[in-house]
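Work the whole structure out from these sequences, hints included.
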Amino acid sequence: MANELIELDKLGMIYEAASGPVEALADISLSVGAGEFVSLVGPSGCGKSTLLRIVAGLRPATTGTVSVAGRRVTKPINDIGMVFQAPILLKWRTILENVLLPAELAGKDARALRGRALELLEMAELHGFADKLPRELSGGMQQRASLCRALLLDPPLLLMDEPFGALDAMTRDDMALELLRIWGERDLAREARKTVLFVTHSISEAVFLSDRVVVMSPRPGRIAADLKIDLPRPRTVELRASEAFGRLNLEIFRILTGRSSAGMLG
Amino acid sequence: MTKFAGLSRQYWPTLVLFAFLLASWQAAVSFGGIREYLLPAPLSVWNALWHGDTSWGQHIWTTTLEIVGAFFMAAIVGVALGVAIAWSPLLANALVPFLVFVNTLPKVAIAPLFLIWMGYGIFPNMLMGALIGFFPVVINTAVGLSQVEADMLDLGRVFSAPKWKIFLKIRLPNALPYILSALKITATAAVVGAIVGEFVASQRGLGYVIVATQSSMNTSVAFAALIWISAVGLALYGLVVVVARLWAPWAEGID
Chain E
2 MANELIELDK
12 LGMIYEAASG
22 PVEALADISL
32 SVGAGEFVSL
42 VGPSGCGKST
52 LLRIVAGLRP
62 ATTGTVSVAG
72 RRVTKPINDI
82 GMVFQAPILL
92 KWRTILENVL
102 LPAELAGKDA
112 RALRGRALEL
122 LEMAELHGFA
132 DKLPRELSGG
142 MQQRASLCRA
152 LLLDPPLLLM
162 DEPFGALDAM
172 TRDDMALELL
182 RIWGERDLAR
192 EARKTVLFVT
202 HSISEAVFLS
212 DRVVVMSPRP
222 GRIAADLKID
232 LPRPRTVELR
242 ASEAFGRLNL
252 EIFRILTGRS
262 SAGMLG
Chain A
205 MTKFAGLSRQ
215 YWPTLVLFAF
225 LLASWQAAVS
235 FGGIREYLLP
245 APLSVWNALW
255 HGDTSWGQHI
265 WTTTLEIVGA
275 FFMAAIVGVA
285 LGVAIAWSPL
295 LANALVPFLV
305 FVNTLPKVAI
315 APLFLIWMGY
325 GIFPNMLMGA
335 LIGFFPVVIN
345 TAVGLSQVEA
355 DMLDLGRVFS
365 APKWKIFLKI
375 RLPNALPYIL
385 SALKITATAA
395 VVGAIVGEFV
405 ASQRGLGYVI
415 VATQSSMNTS
425 VAFAALIWIS
435 AVGLALYGLV
445 VVVARLWAPW
455 AEGID
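Sequence order for the protein chains is E and A. Quick note on numbering: the first sequence equals residues 2 to 267 in our numbering. Quick note on numbering: the second sequence equals residues 205 to 459 in our numbering.
Just so you know, these hints were derived from the structure itself, not from any lab. Note that the structure is predicted; figures quoted are calculated from it, not measured. Treat the hints loosely; a few may be bogus.
Output of the computed footprint for chain E on chain A, the stretches with three or more beta carbons under 8 Å from beta carbons of chain E [stated by the list, open to error]:
1. 348-356
2. 360-368
3. 371-383
Cβ atoms here follow ideal geometry from the backbone N, Cα and C, with glycine treated the same way.
Next up, the structure:
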């Protein structure tokens, strides 16, 4: 096993709601290796987005510990890239200025990173749009720009919270392929790739993208299953039609709906 | 040229209606035997607008100065208070009830006090305009500064951005369209304030002209003064709209 980048140990999260304490997450123990692409799938409200924010140090866990790269997470950690469901680009800034925002926020020299930002835009096929305002771009293009923003400071860890959830189905499938390409599925060795923690409620998206799919149960979110996705990389469009792909989808579907006959399929 | 054609196509019903009203008004006065001091004919108003004994330039200048002064006072104080409210919950708790109280006061009722405190002059009238116009700026500034997506603020925390940097780079530009839209209301309120101030205490200005015509029954001059007031008001409003478009072109539905 490669060295672990993320380690969650017996993580629990309880928050106070108007109606009393709500247990959002319970007994989550999980490790993610460096360079691994891991998806979290689960029903709405199972705490998968909360889990992502706990890993980022943006929310505190109630019990248990989180460590990233061997260090305990107690406050927001700096060397991560985050992509959210909405692109949340600043509408008064050009695409290039938006991509450079992390440099400015982190107090780094944005001018020195201009070249890198343009490279990223080129890679995301947005080179002609560097000087456009966000509203001049489609939803999918805006989301690609927000991915470039997340990659600007070259973080070893990418946290993605339903990044394609707001896109239409066709754009969504395109974006999945695009993400794998940018991730370096074809041209980077596994150790050189970024570690990705990807939250989604689309089973097929999780299977298509990931090395592992972690299935979560409804509230309080627990790990119901942790499946290795042994599909060959690079993943292709044709893969979606394969039997192995379909079987994995069905298996996860059964775990999620409680009609578990995973043993039979395994 | 095409733009002009488009505009004229859009506004010709307004122009026709306006011409019709003017013509009926003139006809009612000329043939209906309405006394000149009750309702002056459009033509005598037109004459009063350009000729007559009133030194319009001086009055227009005074009122314009008051309105513009009131506008900038309201804008600066309003933005400062809005920033204070959005910056610190403590300041918000202290200021908001007080500001709501000030806003519910009928400002016109304070005008005589201004006369006692500050006497005659341009400044008390500016202050009156600012008092009427500052509140929407406070509210819109505070709202615009706080209406930032939670995810965007999380992004700031991930990069350990200091509070002032988030304020300068994210919150303030985000609030700009809100502020500019409040300033349109302020532009109109400043006119009301300046005129109310002049009604109560003044020796010059378009509001003063209107009050003075009461005793001389020179109604056509009062009408002319009204037209000048709306011209000044419209000019300021138009200026704010243009500046808003140039300054925050990204904001949609700003009008």
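Here is how each hint holds up against the structure:
| no. | hint | result |
| --- | --- | --- |
| 1 | 348-356 | holds (count 3) |
| 2 | 360-368 | holds (count 6) |
| 3 | 371-383 | holds (count 5) |
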